[in-house]
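*Asks:* Just so you know, the sequences run in chain order A and B. 5 is the number of the first residue of the first sequence in the numbering used here; add one for each residue after it. 36 is the number of the first residue of the second sequence in the numbering used here; add one for each residue after it.
Keep in mind that the hints were calculated from the coordinates and are not lab data. A quick note: this is a predicted structure, and the numbers were derived from the prediction, not measured. Beta carbons: idealized from backbone N, C-alpha and C, even for Gly. Heads up, some of the hints might be wrong.
So the derived list for chain A, only partly shown, Cβ under 7 Å to chain B, looks like this [to be verified]:
no., residue
1, Pro57
2, Ile63
3, Phe177
Residues of chain A clear of chain B, computed beta-carbon distances all greater than 10 Å [what the hints assert, rightly or not]:
no., residue
4, Gln77
5, Ser92
6, Gly183
7, His218
8, Ala222
9, Val265
10, Glu350
11, Ala382
12, Ala399
13, Arg405
14, Val414
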Amino acid sequence: MTIKHFEGEITVSSRIVDYLSSGLYESPAACLKELINNSYDADAKLVEVFVKPDADRIIIFDNGQGFDRADFQKHFTRISESHKRDVSDATFLGRKKIGKIGIGFIAANEICDEMEIVSTKRGSTDLMRVTIHFDKMRQGVDVRRREGDDIAKADYTGQIEDAPSNEHFTRIFLKRVRGDARAILAGAKPPRPDAKARSLYGLSATSMLAVLAHRPLASWTEFDDYSRTMLGVSLNIPVRYHDDWLPKRDLRRVENFADAVAQLGFEVRYDGSELRKPIVLFPSEPDAPSFVRPFSYDGTHVAATGYFYAQHGTIKPAELQGVLIRIRHAAVGEYRTDFLDFPTSEGSLIQRWVSAEIWADDRLEEAMNIDRQTLRVAHPAYVELQRALHAELRAVISDARKRLYESGSVARRQKRAATAVSQLREVVRKKVGPTDARVAAALDRSLRSASGQAESSILSRRVGVAEFYSIVVDVARETLPPHLFAEFMKRLTERLKQ
Amino acid sequence: MTRPVDSAMEEGRPEKQKIRSLWLSKLRAYRDAFPNDEVPLYLTLSGAEGHDIQMLISNGLIRLTEVGAIVAEDQGLAVAIESSSYAVLRLQRRMPGLKILEQSFDNLLHSTKLTTWPQGEHERFCQARIVNLDLNRPLKFDDVDGELVFPPIQWVKKLCILHAAARLDWCLLLTLHGEAVWESRETKAVAEFLNENFSREPVFAEAAASLLGESLFTHVSQLTIPAANRLSRVDQQHLLMLYVPKRIAHMALEYGWRTETANNLRYGGRSRHAPMVTWIIDFRWDGRISSRPEAIYRDSLRQILVGAGSIAEDGSIS
Numbered sequence: 005m006t007i008k009h010f011e012g013e014i015t016v017s018s019r020i021v022d023y024l025s026s027g028l029y030e031s032p033a034a035c036l037k038e039l040i041n042n043s044y045d046a047d048a049k050l051v052e053v054f055v056k057p058d059a060d061r062i063i064i065f066d067n068g069q070g071f072d073r074a075d076f077q078k079h080f081t082r083i084s085e086s087h088k089r090d091v092s093d094a095t096f097l098g099r100k101k102i103g104k105i106g107i108g109f110i111a112a113n114e115i116c117d118e119m120e121i122v123s124t125k126r127g128s129t130d131l132m133r134v135t136i137h138f139d140k141m142r143q144g145v146d147v148r149r150r151e152g153d154d155i156a157k158a159d160y161t162g163q164i165e166d167a168p169s170n171e172h173f174t175r176i177f178l179k180r181v182r183g184d185a186r187a188i189l190a191g192a193k194p195p196r197p198d199a200k201a202r203s204l205y206g207l208s209a210t211s212m213l214a215v216l217a218h219r220p221l222a223s224w225t226e227f228d229d230y231s232r233t234m235l236g237v238s239l240n241i242p243v244r245y246h247d248d249w250l251p252k253r254d255l256r257r258v259e260n261f262a263d264a265v266a267q268l269g270f271e272v273r274y275d276g277s278e279l280r281k282p283i284v285l286f287p288s289e290p291d292a293p294s295f296v297r298p299f300s301y302d303g304t305h306v307a308a309t310g311y312f313y314a315q316h317g318t319i320k321p322a323e324l325q326g327v328l329i330r331i332r333h334a335a336v337g338e339y340r341t342d343f344l345d346f347p348t349s350e351g352s353l354i355q356r357w358v359s360a361e362i363w364a365d366d367r368l369e370e371a372m373n374i375d376r377q378t379l380r381v382a383h384p385a386y387v388e389l390q391r392a393l394h395a396e397l398r399a400v401i402s403d404a405r406k407r408l409y410e411s412g413s414v415a416r417r418q419k420r421a422a423t424a425v426s427q428l429r430e431v432v433r434k435k436v437g438p439t440d441a442r443v444a445a446a447l448d449r450s451l452r453s454a455s456g457q458a459e460s461s462i463l464s465r466r467v468g469v470a471e472f473y474s475i476v477v478d479v480a481r482e483t484l485p486p487h488l489f490a491e492f493m494k495r496l497t498e499r500l501k502q
Numbered sequence: 036m037t038r039p040v041d042s043a044m045e046e047g048r049p050e051k052q053k054i055r056s057l058w059l060s061k062l063r064a065y066r067d068a069f070p071n072d073e074v075p076l077y078l079t080l081s082g083a084e085g086h087d088i089q090m091l092i093s094n095g096l097i098r099l100t101e102v103g104a105i106v107a108e109d110q111g112l113a114v115a116i117e118s119s120s121y122a123v124l125r126l127q128r129r130m131p132g133l134k135i136l137e138q139s140f141d142n143l144l145h146s147t148k149l150t151t152w153p154q155g156e157h158e159r160f161c162q163a164r165i166v167n168l169d170l171n172r173p174l175k176f177d178d179v180d181g182e183l184v185f186p187p188i189q190w191v192k193k194l195c196i197l198h199a200a201a202r203l204d205w206c207l208l209l210t211l212h213g214e215a216v217w218e219s220r221e222t223k224a225v226a227e228f229l230n231e232n233f234s235r236e237p238v239f240a241e242a243a244a245s246l247l248g249e250s251l252f253t254h255v256s257q258l259t260i261p262a263a264n265r266l267s268r269v270d271q272q273h274l275l276m277l278y279v280p281k282r283i284a285h286m287a288l289e290y291g292w293r294t295e296t297a298n299n300l301r302y303g304g305r306s307r308h309a310p311m312v313t314w315i316i317d318f319r320w321d322g323r324i325s326s327r328p329e330a331i332y333r334d335s336l337r338q339i340l341v342g343a344g345s346i347a348e349d350g351s352i353s
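Extracted from the complex, chain A is given alone in its bound form (with noise of 0.2 Å):
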């Protein structure tokens, strides 16, 4: 038998790259996002961001280090070539940047067909105005394909002004926004064509801490799309916690996670309102139990650190349940339900009563798919975090059984025992109290008396008439001779007949 080799080279075609850079990302927030992680990258303190009344124009403006024409040219003209962290990986102010490849900023052309961006680098005396045609997208890959492989993607035409002095920032303007997009984003869609959208437009920090922390509040979906876009924006961006976020017990135990953040100084106003984490964890009921563990792992693939929040009750907004991974403090995704693929046969009740959130460190990084919302599962670092996620999500559920679930049905015991002395004692006042008060009292002292144990007692379950009859035949065959032992249970069967 002949046998014949060959070999060559597998290329990527840049009609790839131009495939995973349309339609990247699956909602309006993802590209928001995006746009202000920019600015998080570029040192700003404080982004604003205007949407409202209807977005049809929406404007991002950061007090961030700016830009210059050949940065543009450098970071943007050519998608997949970023490059962002060539020099450093931090930035000027040392925050670990969050934006890698550069692809961001084109993320802008799936919500609008014009970007206008106005820069003024630290230091300069040049602003820099360029316009993007986003159209170019839109027509077909045969007319837009250029020498050696590339793939045009958008026009842009610039210019350069003296700019105002002492001063650097970064405007974007997103024109001509796209119709769905624009509908989203203004919240002019209610989430049920039954339901009175609700919406946190307007409010500061404190009332949508009051909004998000009020109960029941079963999902995110009660609100209009802009919140819930909003909702989604803040989720993901290095913005602070609210100052009340979890039960008071519980907060110390993540106080380090929340300082952490704060400490960036990253400031977003979104049509006025701050952002902050929305993430607002309290059981339904404002005495059950609840508790905090934290999480830290060291591995050879990856190391992370975070924290498990269990309460006793479903976790709500259903949002929160699961588990949100973020690197660089920069959300991947949403809450991930199913905690990284654990199997859901193990307690299943109590995984719906878990909100977790990990840290994780830069090796994860390159198992994050190029959309930032997925990771690469058969990456080492993935397969190690999730198994030491999985090991810490079983020590959670075997804590949860007995702090949560045990002491909560102790709790139910004694709440339906105190319930039942209470009418019993009722009863006694009432029937036995205005014909014999010495016997009446008795009874009184003995059932107060009893409410101590009464968690063990037949009075903290719930008891049937069959159950009831026999344990008062027992009581009458051992206390009444055999005559009113007869004619008692011919009345009270009688009775109970009636």
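Following the hints, position chain B against chain A.
*Replies:* For chain B alone, coordinates are given in the frame of chain A:
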């Protein structure tokens, strides 16, 4: 960078404050008269600071949320027009939730031509109950095919037509530079237009004589007026106070409107401030126009100078 238009809108000037207080009264009256409108209450060239919209806010016509954004229910009341993206940002930062059209007024109206028109929500914006054209420019004519055309008057014409489609009574707040920088030919055309009604409408002629003074009135009525750019500043302002509302009344009549000139004022021209003229003109839909156009026009003319006067530097009207 402060633009001249923004300087002109300067908050502190008593004259400007006085004018804004007149605007406010008018805005209140229209808001009260038409509380359930589907069109905006107010369309304005507000400038980057938006002082006029701030005035609506501070007087409770537009309400704010606890973070200073315009409440959702009031977002449709005012629409600002601003062509500079820098000014758009400034306005939006001051008033989140404010509707701002990033374009020129000419662009919104699809130019002065009567062949192209705003569509959809832009048409609705142009039908606002009160339109404020606070223009930082003099009345300059364009020569279009031998006809003298003044763009802002053409805008008002298009506004008349747009409002006529909905038959919604409306009000124009118009402010211009008080300089009539016209050469002889243009000035003569203005005088001829003014002169048309002096003989048939004695009330108007008397008021005009009183405003212009004997000498200038005679020159206008005998068509011996020199080029307006050689007149004194005050005479130029007076000429505009007479010409602009008359021209508007004449033009509006054609589309079914009787005008009521509520205020016709001049100010500035002293120290570093440019001479200005400003008008508040109500447009009333009048069903009698098709049968008695001349009578309606004469009604409009008689109103033109009733509210004429000047605003002193301290803001008082005389």
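*Asks:* Would you mind marking each hint as holding or not holding in the structure?
*Replies:* Status of each hint after checking the structure:
1. Pro57: 4 Å, holds
2. Ile63: 6 Å, holds
3. Phe177: 6 Å, holds
4. Gln77: 22 Å, holds
5. Ser92: 30 Å, holds
6. Gly183: Non-interface label stands for Gly183 of chain A: nearest chain B Cβ at 13 Å, farther than 10 Å.
7. His218: Since the minimum Cβ distance to chain B is about 17 Å, His218 of chain A lies beyond 10 Å and the statement holds.
8. Ala222: 24 Å, holds
9. Val265: For Val265 of chain A, whose nearest Cβ neighbour in chain B is about 21 Å away, the distance exceeds 10 Å, so it holds.
10. Glu350: Since the minimum Cβ distance to chain B is about 45 Å, Glu350 of chain A lies beyond 10 Å and the statement holds.
11. Ala382: 46 Å, holds
12. Ala399: The assertion about Ala399 of chain A holds, with a minimum of 42 Å to chain B.
13. Arg405: With a cut-off of 10 Å, Arg405 of chain A remains clear of chain B, as the shortest Cβ separation is near 43 Å.
14. Val414: About 43 Å separates Val414 of chain A from the closest Cβ of chain B, which puts it past 10 Å; holds.
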